[in-house]
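Turn these sequences into a full structure, and let the hints steer you where they fit.
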Amino acid sequence: MKGNDQDEVKAGNAGGNVGRRSFLKGALAVGAVATGGFALNMAVPGLAEAAKRPLPKKWDETIDVVVIGSGFAGWSAAAQAAIGGAKAVVIEKMPTYGGNSIINGGVYASYDDKFHYRQKMGLGDDSPELHMQDTLKGGDFFSIPALAKVLAEGATDGLNWMIDDGGAVIRPTVVRAGGHSAYRTHAAGIGKVYVDALKRIAEKNGAQIRLNTAVTWIWRADADPKSPVLGVEVKSGRKISNIKVGKGLILASGGFSRDVKMRGDHYPFLSGENWNCTNHPGATGEMIRFAQSVGADTLQMNYIQLYPYADPETGILDTPALIPFNGPGNGIVYVTKQGKRFISELARRDHVSFAQIGLGPQGKPTYTIFGDDMVEKMGFTKGEIEAGLKKGRLVVGNTIAEVAQKAGLPQDALVETIDKHNKYLAEGKDPEFNKPITKAMLPMTKGPFYAVAQWPAIHHTMGGLRINEHAQVIDIFGEVIPKLYAAGEVTGGVHGTNRLGSNAIPDCVVFGRVAGRNAAKG
Amino acid sequence: MFVMKRVVVIAIAAAVLFCLPLLTAGGGTALAAPSPKGSCKGCHADFASVLPKGHPAVKGTGLAACSSCHAPDLAAKKPENAYSVRMHRAHIPPKGKLECTACHSWVPGKSFGLIGRKGSFGKPDKEQMELLKEIFASWASSGYTDSLHAEAGIACSQCHGKGLPTFDDTVENAGCLKCHGPMEELAKKTEPKEFKDRNPHKSHLGDIACTVCHKGHMESKVYCLDCHKQFGMKIQGAAKK
Amino acid sequence: MRTMWDEEFEVVIIGSGFAGLAAAIEARKYCDKVVVFEKMPVPGGNSSICGGIFSAAGTPLQAENGIEDSPALMLADMLASGQRFNYPELARMVAERSTETLLWTIEELDVKYQPSLSWVGGHSVPRSYNTWNASGSGIVKPMLAKCRELNIPVRLKSCLANFVDDGNNAIEGVEIREEYIFPKSESGTPKRIRATRAVVLASGGFSQDKEFRAIQNPRLTEDIESTNHQGATAESLISAIRAGATPVQLSNIQLGPWASRDEEGFGVGSLFSMLAGFPYGIIIDVSTGNRFVNEQSDRKLLVDSMLNLGTESIAIVDQKGVAYATTLDQCLKRGVVRKFDSIEELAASNHVPLMPLVNTIKSYNSSIEKGEDRFGKWIHKGLEPIQYPPYYSIRLLPKIHHCMGGIRINTLAQVIGIDTRRPIGRFYAAGEITGGIHGASRLGGNAVPECILFGRIAGANAAREPLRSGHPLSQE
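Protein chains in written order, with the numbering used here: chain H, 37 to 558; chain R, 194 to 434; chain D, 21 to 496.
These aren't lab readings, by the way, just hints derived from the structure by calculation. Just so it is clear, CB atoms sit at the ideal spot from N, CA and C, and this is done for glycine as well. Be careful, since some hints might not be right.
Claimed, not checked - Covered by chain H, according to a simulated footprint, are these stretches of chain R (three or more residues, beta-carbon under 8 Å):
no.	segment
1	399-410
2	419-431
Stated by the list, open to error - Simulated crosslink set (DSS-like; lysine-lysine; CA at most 27 Å straight-line):
no.	chain 1	residue 1	chain 2	residue 2
3	R	Lys246	R	Lys303
4	H	Lys240	R	Lys246
5	H	Lys94	R	Lys246
6	D	Lys49	D	Lys161
7	R	Lys355	H	Lys271
Said to hold, decoys possible - Computed spacing ranges between beta-carbons, pair by pair:
no.	chain 1	residue 1	chain 2	residue 2	range
8	D	Glu127	H	Gly399	46 to 56 Å
9	H	Pro317	D	Thr331	48 to 58 Å
10	R	Lys319	H	Lys280	46 to 56 Å
Laid out in C-alpha cells, this is it:
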C-alpha cells in the first residue's frame, strides 16, 4: 500500500481551530495522498500507480497570472491583473477570441452610467440595493447575497471603465427587461463592443492572448487546503507544455450549455442533442470538471437557463432575438400562433420559456409584436431592423392585420389582442397577466408594426464553481484553494435558479476585475 | 494583436503519414531504382526531352547544372518559385517516387541543402523531416489550400516566410494579404448581395486569423457554419480532389 | 508494501437507515461477512423517526378499494413534481418496483401496515400505505431484527472518516472512527476496515448541516428548523466527493409544508397535516382568512406558496376529515393540534378574521358540490364539505425535510465518478445520499420505496463483486 500515514496523522491532529470536518481534509485515506510528486486527481480514486500522472518536474515557462478564457470575465481579469503589475496571459482554446461573450446580445444591467441616461430620460429611480434585490428575487433567493452584492455594486464602475478606458460605445437609452424592477439595462448592440473594449484595456497594459490553446489539466499536488494550484498543462497544435502559475490561475472559461453530457448529468430534461442552444460550440464544461478533480466545490449545477426568444430555427441569439428581451418596458407584446397573449411580457426568462414549452411542440414558435416608434427606445437602430427584415427574421406591416397576415397569424385575433393591450396601457392595468404598466410602454396605434418569431434555446448555466466575494475558489471542505480564482459563467451562486437578463456581463466584468486584482497581488 | 494572428497551421492527420511509405526516412524501399545522387540521368536518359520547349541547352545532367540558373531560394525572397514547385511536384508522389535525399543533402539536425551546392535551408532533425514529407505530400496533391497554392506556383516559403517550416509554425494574416489583400477589398469581393452582414471577411467575431477557416495543410472549413448552419457558404480547399 | 487493515468484511455498509439495512439484508444472501456502521449512538437515523408512509402503485390495498393505478401514473406524478429534474431511468425503477418492494417488507420482514390507504399531496390517486405505528420505526425495527437473525453486526458510534482506495480506480475499504461521539470530529479511534467485495454508502441526507445546505440554498439559514435527526449532516457526502463521486442537484432541498410551528422537528403534527389537514381540509392565510393554494399540491409548490405569502398559515379540518389522521391523540395532547366547537372559536383563537374565513369555507364547500375547485384541488367522492364540528387547526411552519440531491448513481446503484462518468469500482450508494431520483421535489411516501429498492440493489450488487484475494491483515 502506498501512502503516507504521517500526513494523515498531521491532518487529524491539526488541533486548535480545526472545524468539525478537519479529519476529512486533505486525504482520501491512504490511496490518494499525493506523495512522490504525483498530481491530485479526485476524478479517479487511487489511480493505478502506472496511470498516475506525475507533477511536471520541469516547467516550460512561468507566468504570473494565467487566465483561462477570453470572454468578458477573462479579459477583465487579464486587464486588471496587468494593471496590477502582473504578467498576464489569456489562454483560449478556440481559434478566435471572445467565446460566447463576443456573440452575446450586449445588454448590461447597471443602476447608473457616466451619461446618466436613466435620469435624463426620466425613467424612475434605481440603486445597487434594488438591483441586488431584483437579482436575488429573480433567482428565487438561491443567489449567494454576498456575491449578488458585489455584482450590483461594481456594475456601474465596470461599465464606465469599459467606456472610458476601452472606448466602448453604448446606445443612448436604458430599458427595463424581464425580472428587473427598474430601467437599468444598457445596450451596445452586441457583446463584442465590450469584449473589444476589455481586450484593448488588457493589451494596452501588456496582457497577451494565446489562441488555439486548450487547457488539458490543472496541476495541484493534493487536496490539503494549504496546497496551492501549481499550474496548467496546455495543448497547442501537437505541442503539450506546462505553465507554472506564479501568482494565480483564473478560470474564466464560461458555462457548459453546449456540453450535452454534462447538461444531462445535472438537468436530465435538457439532455440530448435536440435542444437549440444560443452558445458557441466551445461552451463545454471541462474546466469545471478539472477544477472539481482538484478539489473545487460546485453549487447549483442543475440550474440551466433557456433563452425564451432565440431564433426558432437555429437557436441563434441574433439582433432580432434581442428585441423581445429589450422591449417589454417599451410596450411589446408576446403572442402565440393563435395571436393571443400567454404571459406578462415582464416575466422572468424561465417563466417565459416554460410558458412556451407548455404550449407544446405545436405551439412553436411564438411571436413578439412591436411598433416602429419603440425601435430606438429599445436600443436598436433602423439599420438593424432593415437587416432583420432582409434576413426574413422580421416581418413588417402598416397595420396589425398586415403584420398578422405576413407572419401567418390569425388577423382578427391579433388585432383584438393588440387593441386590448393598448387599452390596458391606457388604463394602466393588465387584468389578464398583471403586467406592471409604465408610462414608457407605448400603445401600438400607428404603424409600421413588426413581428419576430421566438422559441427557447439553452442559454446560460447558473451553477458552477463555488467562489467567495474575492473570486477565490472554495474547495469541498469549505476552504479557499490557494492561487485559484474564478469569474463569470464558470462560477455558480451569483444568479440562483434563474439569471436575470443583462446580469451576465456585469457579473463577468465585476468578478473578472476582482479576480484579476486579487491574483496580481499574489 | 501580434499573437492573435499567429495560428498553428501544422496539424496534419496522422493518416497522411501512413499513406506515404515511399517517403519514409532513410529510403531504401523505393520502388524505382533511385537515381544516382544529384544526377538526373539515371531516370532521364534523354535528358533534353524533359526540358520545356525553348529551354536553353543545359551543360551537364546534374542538379548543379540546373541550380546554376535556378538558384535555390535559401533566403525565401522570391514571390513565386515555379521552378521549385514544378521540380517537386514532378518527382514526389503522386506523380513521382523520389526520396527527398535523391536531390537534397541532409545531415539530420545540422543542415539541409541541395546536392552539389553550398548553403542550407535549415536544420531539420528526423522528426521535422517526417513532418516535411507529410506536408510536401499534402502540398503536392491534397486539394487543400496548400496544393491550391502549389498549383499557382507558390512554394512553402512564400507563405511561411522562411526556408523550412517547423512544428507549430504559423502564417500571419499579413502574409496572406500580400497577395489577397487588403482585407477591405477581400470583404467587398465576398459580400453577398442579399445579406451584406453575412460576410466571412467582415465577421462579427472581429479581427480573426485567416487560418481559422483557411487551413494550410488540412481541410478548410467555414467557421461561421459551426453556428450558422443555414448559411451554405463555400470555401476553397474544403476537400480532397 | 505495508498493509494496514484492522479488520475485514466482505461488504461494508455506511448508515443504518432503510437503505443501509436493506443493503445489508440483501448482501447477506450472497455472502457471509457483512457489517453496518452507524455514527449515531442509536440505529435507524432519519428512517426511524419518519412518518412511515410507503407509496406504491398497483398494491393489494388499491385493488381492494377499487383504485386504478399504474407505475406509469406514479412515474408521471414523480416527474411532474420533480419539475423535469429527475433522472427518468432511476425514477422509473422506483415507480415500477414500488409494489414489489412493499411486498418484500411484508413478506420478508413481516412489516405491519394500517388497513387503509392515504392520499398524499402530488399523487394522482391514493397509493400510500402507513406503518401500523405511523412511524418509520415500524420498518426499521423488523429490519434490525432481521440483521440480528442473519448475524449482521450494526456497529454504533462508528463514523465514516474516509474512503480507502485500492490504487486501481476502486474503493477497497473505509476508515472508521470507533467510539465516535457525535458531533465531535476528533472523537473516537481511527480504524481501517477492508471490504473484500464492496462498500455501500447509505448515510442519508444533510438537512441538519446548516453550513452545507446554505451553500446550495442560501435561504436555508441557520434558524430554519429541520424535521431531521441531528445526525443528518454532510461529512459522508463530502468524503464521497473526495473519493471521486459526482455531486448532482445538491440545491434541490425540500421543505415539509406540513410541519407544526408548535413542536420541534417532524413531530406528530406533520402526519396530521399530511394525512388529514391537507387532503380533507383547507390551508388558510391567517392574515386574510383566505385559501391560497391547492392543498394537495406537491411539497415544493406548497412551500413556495407559503413562503411567498410571507405570513403564517394554518390547516383546518372538521370531524369527518380528522378521521384520516393517524396521530390525532398525540397531537392534541402536545397542543400541536387544537380542537374547537365552532369556526368562531377557531378563528378567534388563531387570530383569523372571522367573516372572510366563513366565506372561504362556504366557497370551498360549494366547490365540492360543484365538483370544481378554483385552486385545482381534485374533488373526489371521499371529499366532504367542512361543516361537522368539532373543528381542528394546526399552525404550519415549513421545515427542511429532504435532500433530493446527492451523488450520482446508475441503475445498478454504482457511484459515478466526476469527469470519467464511469462507475467507481466497488462503490455503491443508495437512499438519500444519492441524487436526482426525485428531481426538484420528492413526493410524500416515495422515500421509503426508493431507499429500500436501491438499498437492496446496492447490497446485492456489492455482495456479488468478486472477492479480493490476498492476506490483508498480515504485515509486510
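Against the structure, the hints come out as follows:
no.	hint	in the structure
1	399-410	holds (count 5)
2	419-431	holds (count 5)
3	Lys246/R x Lys303/R	violated (38 Å)
4	Lys240/H x Lys246/R	violated (58 Å)
5	Lys94/H x Lys246/R	violated (60 Å)
6	Lys49/D x Lys161/D	holds (20 Å)
7	Lys355/R x Lys271/H	holds (25 Å)
8	Glu127/D x Gly399/H: 46 to 56 Å	holds (49 Å)
9	Pro317/H x Thr331/D: 48 to 58 Å	holds (49 Å)
10	Lys319/R x Lys280/H: 46 to 56 Å	violated (30 Å)
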